[in-house]
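Trainee: What follows is the residue order along each chain.
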Amino acid sequence: MFSAARFSASFFHPWKTLFQNRTGRAAGSAWIDLQPHRIFILPTRAGLGFAGLLLVMLLGAINYSNNLIFGLTFLLAGLGLVTMLHTYRNLAHLQLRAGQGRPGFVGEQLGFQLWLCPGDGRPRHAIKLNAGKAAALTHVSVKSNDVWLHLEAEQRGPLPLGVVTVSSTYPLGLFRTWSRVAFEHSELAYPAPARPGPPPPTLAKGEHQAGIQHAGTEDFRGLRAYRPGDSLRHVHWKALAREQGLLTKEFGSNQARSCWLDFASTPEQDIEARLQRLCRWILEAERAQHSYGLRLPTLSVSPARGNAHRDRCLAALATFGVSA
Amino acid sequence: MTPALWHPRPHQWWGLGLALTLSAAPHLLRLPIWLSAIWVLAVGWRLSLGVQGRAMPALVIRLLLTLAAGVALYLYFGTVLGRDAGSALLVIMVGLKLLELKQRRDATLLILLSYLLLAIQFMFSQAIAQVVYTTAAVLGITGIWVTLNNPLDERSWRVDMLIAARLLGQAVPLTVILFVLFPRLPGPLWSLPSDAHAARTGLSGEMEPGRISQLALSSAVAFRADFAGHIPPPAQRYWRGPVFEMTDGRRWWGSTEPYASNTTRALPFQPAGEAYRYVLTLEPNGGAWLPALELATSIPADVERLPTLELKAKRPIDVLRRDAFISYPIFQITAATDAELRRNLRLPNTLSERTRQLAQHWRNSVRSDREVIDAALHYFHTEPFVYTLEPPLLGANPIDEFLFETRRGFCEHYASAFTLLMRSAGIPARVVTGYQGGELNPLGGYLIVRQSDAHAWVELWLDEAGWVRFDPTAAVAPERVEHRIDLDLARNGDAVRFQFDEDGLLARGLRSTRFALDALNNGWNQWVLSYGPQRQQDLLSRLGLRNTSWRELAWGLLFGIGAALGVLALLLLRRVPPKRDPICELYARFRKRLAQQGLMSQPNEGPQTLLMRVEQAQLPSTATARRITELYVELRYAPHPDTTLVAELRRAVNNFNTR
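Chains as they are written, first to last, in numbering that gives the first Met the number 0: chain A, 0 to 323; chain B, 0 to 658.
Only chain B is shown next, with the shape it has when bound in the complex (with noise of 0.2 angstroms):
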């Protein structure tokens, strides 16, 4: 049996276009144009031609229209899965759908289809606004659902969205249990598609001139620090991303060899000076690098130390997650393998012979290596380098050219140069990436690290006191390790400008905006973001309940949703005593005078015969029970009573009395 045909009412189509726009339109802002004029077209022309009672398209047009969206998605795309691609075609057949809307139970399913499109946006966005978006949206389209099944007839849009609102408000309280007692588990439970997160800007596993510069235009959050004491000062505020330690003078990566000494348990440095208690919040960054403060003791579970000091995850950071740490920002790697020292020494083919006898003319010129190294850094502070932003390309011999040339760079050119310069005099050099500084907000008393504070410095190996670390960068514009990049003075090819506290009262005042946000995104991520199984158990363990397993979170979740559905269904349920009318009360109070008195009147007695029987009775206060009947048969049936006659009845009924 094929169900019924329906048949919406204009305000009917309205409503699911509405409802579908509603879910696609963060989608349709973002797909390529042409299709999104299609599926504007699309939609457009099936609410008029619905609106009118006209039959939908023909099957052949239908079917022409699918498949033309569907290879024109995968000539775009190349591909139908993934998240980009797999979204696309959702959001393409979705408004094809409504093409061949013919039964109810096409719009039930459009409308399960517009809530599963915006769960889908969240995949590309997690915003605060996005959830202020998709919160009024799932309240508009549950408000047109309301109206999809209203079958009888048309009531104001205000009623349905009114129903939607009071339904969506008392599942709030089931939402926030589900949320905090549904059991998390960690990691995907499939391989996910390569698109399946946004594309994200971070440290690279490799560096080459132009790469951290790039980065350091993005002002988005890289992480925040929230320290649990008080917090270290600008100049140790180095947060070790990848180490490089291989280069064919161009491109740097780290190196792939061997370790002898990687087995042992014990701590591969010796911590000196104070320790530093923070939780680091990372913001996803496809990478898998975890930039916690140099140099970190504790680390977490699912986190490994590489032999040169640096964090990375097993997997790919593509969730933002949130580890406690406790780092000593000073600190002494004492201990190097021969073949780590003899490999950080390693020059490539290419280094000009120019280089080369640079180094060596301070190695002959002077003794000890410390000596060596203050002459090179001294090289950068008082020959003209600028250290910018937009550093000029650089051909085949990059290190020569940047030395000698341009002597424009940015934190890599200088880090990469000086490493070599280091080597090519005899010193074991390596290339540490990672940030540099941070910004304290002071209304949540955090640090923020931005992507512009991608910073490269320089380890180099002395005999006495092992790895040490050197910031070339310093040398050039020594305000760069104690302020901020000023993007906004920045991308026109000049010289680097820093920020300073002594800016204008607009400039504050914009300022102290930014971190109001800023403290409002970060509470957002801490607490609904990173919520994980971590968090839960946190929480959790807050609340009194340590270690508590997914079968006694189950448990809980049960006995919550049903206590709060307890709740809402006396609430619901409950018998509002009727509401009666003041007028009818007072009428029924004579004749429950008059009852009392041995007048019982019927029930299907009128005013008129009761009033006959009460003068029969010969009663004391005839007269006024005749008033009484009067003035209720004028309150009840005139067809416009004069209301000021309540209070006459009022007192009347009240100063009746039968004896």
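Extracted from the complex, chain A is given alone in its bound form (with noise of 0.2 angstroms):
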């Protein structure tokens, strides 16, 4: 793939460069920069197919000493030339990086955000990003711009982005060009939740059954400014109504409440399935609104609530043996 011609680098670099692999790498989330010699073009079967054509015009020009046929060819000619550098413009300077992306459970979409910006302030049309299966199609104005690439997680730890290859045919489609550039920047897949089964161990039993469905609820705590998010049931309307503006009910647990998930205590035997319980535990847990701690032999996390402890426990799932 990368025996291909390169455009305008040749003229910049040395030739024993020419044949190498060029993949950009981006450490972090510094922007990247497609200089010239990381960018390659060629034509595309359209393009062979526009050279076809002028072939046939020229030959036709010649054979009928047509000066007008031969103005024409000569017109698109420099037509399909004058294209190949605006392909090549399209994509030369454009920086990237990778931005804040979106953690999954396995067999879902993990969600990797590319930030892109053209480095030289032109607006970029059309630009093609490709990760494996992933693909993402998109414009780049003059100011920052993000686009998403899904990949799907088939096995719990770090996904790396990997390489992306971000490419072009625009204008006309006459001409490829593309780079790759290696992200080390990856995602968690987190343990796919197990199917619905015992109740975390350490709620008691009998308070299980109502804690799960009205704990939370139970102890108001106080009022808040109402959050976008919060639960219409949870809006103190009569406040509402008196014209004091939208409350949220706060309803909190106590201490009483909060529970140990501990990877010791599952039904199951298995490393992934223990896991996959404490997962499904952990969702059940922070959906009840239960205060609940993480024990894994390796670590444990404190009990806590909230989409941030919930994510912070999960992500010791995801990456419980995995070497980081």
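Calculated from the structure, these hints are not laboratory results.
Reference listing, derived: stretches of chain A covered by chain B, where coverage requires no fewer than 3 residues with Cβ under 8 angstroms from a Cβ of chain B:
id, stretch
1, 113 to 125
2, 133 to 140
3, 164 to 176
With the C-beta cut set under 7 angstroms, the calculated list includes, among others, these residues of chain A facing chain B:
id, residue
4, MET56
5, ASN66
6, LEU71
7, LEU80
8, VAL81
Since this is a predicted model, take the numbers as computed values, not measurements.
Glycine included, every Cβ here is placed at the ideal spot set by N, Cα and C.
Join the two chains, each given in its own frame, into one complex according to the hints.
Mentor: Printed below as a string of structure tokens:
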């Protein structure tokens, strides 16, 4: 694939590097600039067809000594050459950076966010990004733009984005220009939650059923300003009627309701199955607004609740036993 | 793996339809109406289906349509090859291809075929108007191509057209370099179909009553002659075409008998008087005759001088050609073989006794050949002969009928009758056809000779002078030699009227417009249409590059294209300094001044936190800093900032002094 002719770079770089794999590496979240020596360009099938058409027209012009056909042929040939420059320019000095991704469970699509920005202030058109099976197509305006690539998580642990091929055939599809950027960025794939099964063992029996259903909605703690995402059931409607604005009634569980989700206490024996069970328990406890802690053989997370806590626990499951 | 189906959006369907229409329209106007109707219906049908998001017609329908169109074309043209039938086939197949548009590459193919159709149209017309149309169509098709290649969103068609215009504009310098430097080869690479070139009118290899008068009804330009010095007077403007020695009494044709003295390199005539140098730009005429001014001394390499002194190219003249000549309108042809003279005394069996007796009568009543000739010319002059473009049809014995009954004829009638009268009187005579006259274009300073200037005259052999030109038409209508036929008045069968210069204002205005257009056409012919191997060498030697081989041309071409592309790449890829917001610019200056004072701001530090640190540092100009921050926050973040505050911000920043 890389034994391909490159454009422009050959004028500025030693020949020995011509056939080398020039995949750019983006460390961390730094902007990576698609430098000329990273960009390849080759005619597409349509481009070869166009060349064939020009050849037919040229033969016709010579055979019929028709100067106007000569003229049209040359105009189209010029168009093709100019298009090559424009296609190349569409990619040159495009800048990319990995953004905040979206982790997920095994079997789901993990989202990788990439920020794109024209390094020379020129908007870009129809930029295609490919990483594995993931593909995205975007315009890049003068400001920074983001685009999402979605990769399916097949196993637990960090899923690297890997090599992203950035390509474009704009404006006429006669040439394809591409560049490969290896991102060190990865997103976490959490274990898939196990099927609904036994409740977390440390939750008192009898309390459990009610707890899952109603826990966290019982102890009224006070009022706070409404935040988007709050359940409408918790909105203090009477206060709204009194024109005091939108207020949310806050409920909370007390320390007594906190529980430990322990690796050792899962009914399953297999490590992966245990992790999946723990995952299920974390999700259920979070949904029930319990305070929960996670205990794994290698580490433990002290009880708390909230999305950040949940993600910390899930991340611990995801990376359990996986050498980072 | 089959590529994914492509579902164009409605605007892309309309674009594709428009691209096809733009490229096929010139052909559709020329093709038989039923074929154009099939095309329009097929394309319109597919477009309406496509816009509604419906599938293409069934395979059976498509196959049947294609088959039917192919058969109909074959029945109509009798072939599917050649220029006319071939282009018609391509047009109809492009229309039917749209019916089975499935994938993106089908659309690309249709765009490429659109360009091809535009190119083929140049085989039918090379007029300036055609080029203007084609340029506009190429722009449109390219813009539509950009639209088809934009998979993301629907933007204004103006944006795509602007992109296409920019691409094509940047391609123009490359086009010029390629056009000038691409090595031109003479002649066709392989044999052309018989209908390769547009139907041409021009001098014919034979003559019969009515042939030239048909030609004379056409105001099409036959050729233009651009003289280096002055221009010969109208009476000397005889442009020699095919010479006819053989006749059956109605039809005339050139002799195919071999000539004895054909091998000498010496000039077969003696020039006298003034020499005229000129460049003759000959419109394609399908024949091979080069109607140079009588008589040319130098001839182009691919042209031969026939024994009867007309010039004939080795190949039919299908494309515009441009040749330089030197001619002597005054000359003597004193060499003739006995066989040649005998041939030019031969009379057809059909010639009536009455005609022979008329000639014998002149021969017997006067002494010299000159006197016989004068008597004949006098006869034409005094008898009620009429010079007309639409003579009555002649029967089995045309010369007799013309001389004694109808007495209405065009130059070919007079020339053939006069020739046979002279042969009857024992004077060797032959018919010369060609053009006579020419209109001076005062704008370009060249002569325009039209098909309506086609003419026939006579050469007689006089023992003391050789072959001498006589123009019997001049005896009937002397104005013919000095003035042009007024075609607008000539089509009603009346006697021919001639154009005189004392026309009205309107006529003069029309004429000068016509001259201006013709000068434009002439420039077009000279610089574009006739740019061939010779012209290329001329141009290059004018640039100081003599005798350039095609190898040198190819190198020059590569170098030129490379240089042009390099310049274009530099222009396209240069970095544009990012345009910064003046407000950010001013605020950055403010931060820089703070930094000079030792108050380094962090990149992620907001204006409010920075201000807080300024206040903590207790700088003397804290108040200004506060105002600057206020203004900056207002201008940057307020939903509807008051832009008049920019001036105040600028003043504040300029006055901000940390000391």
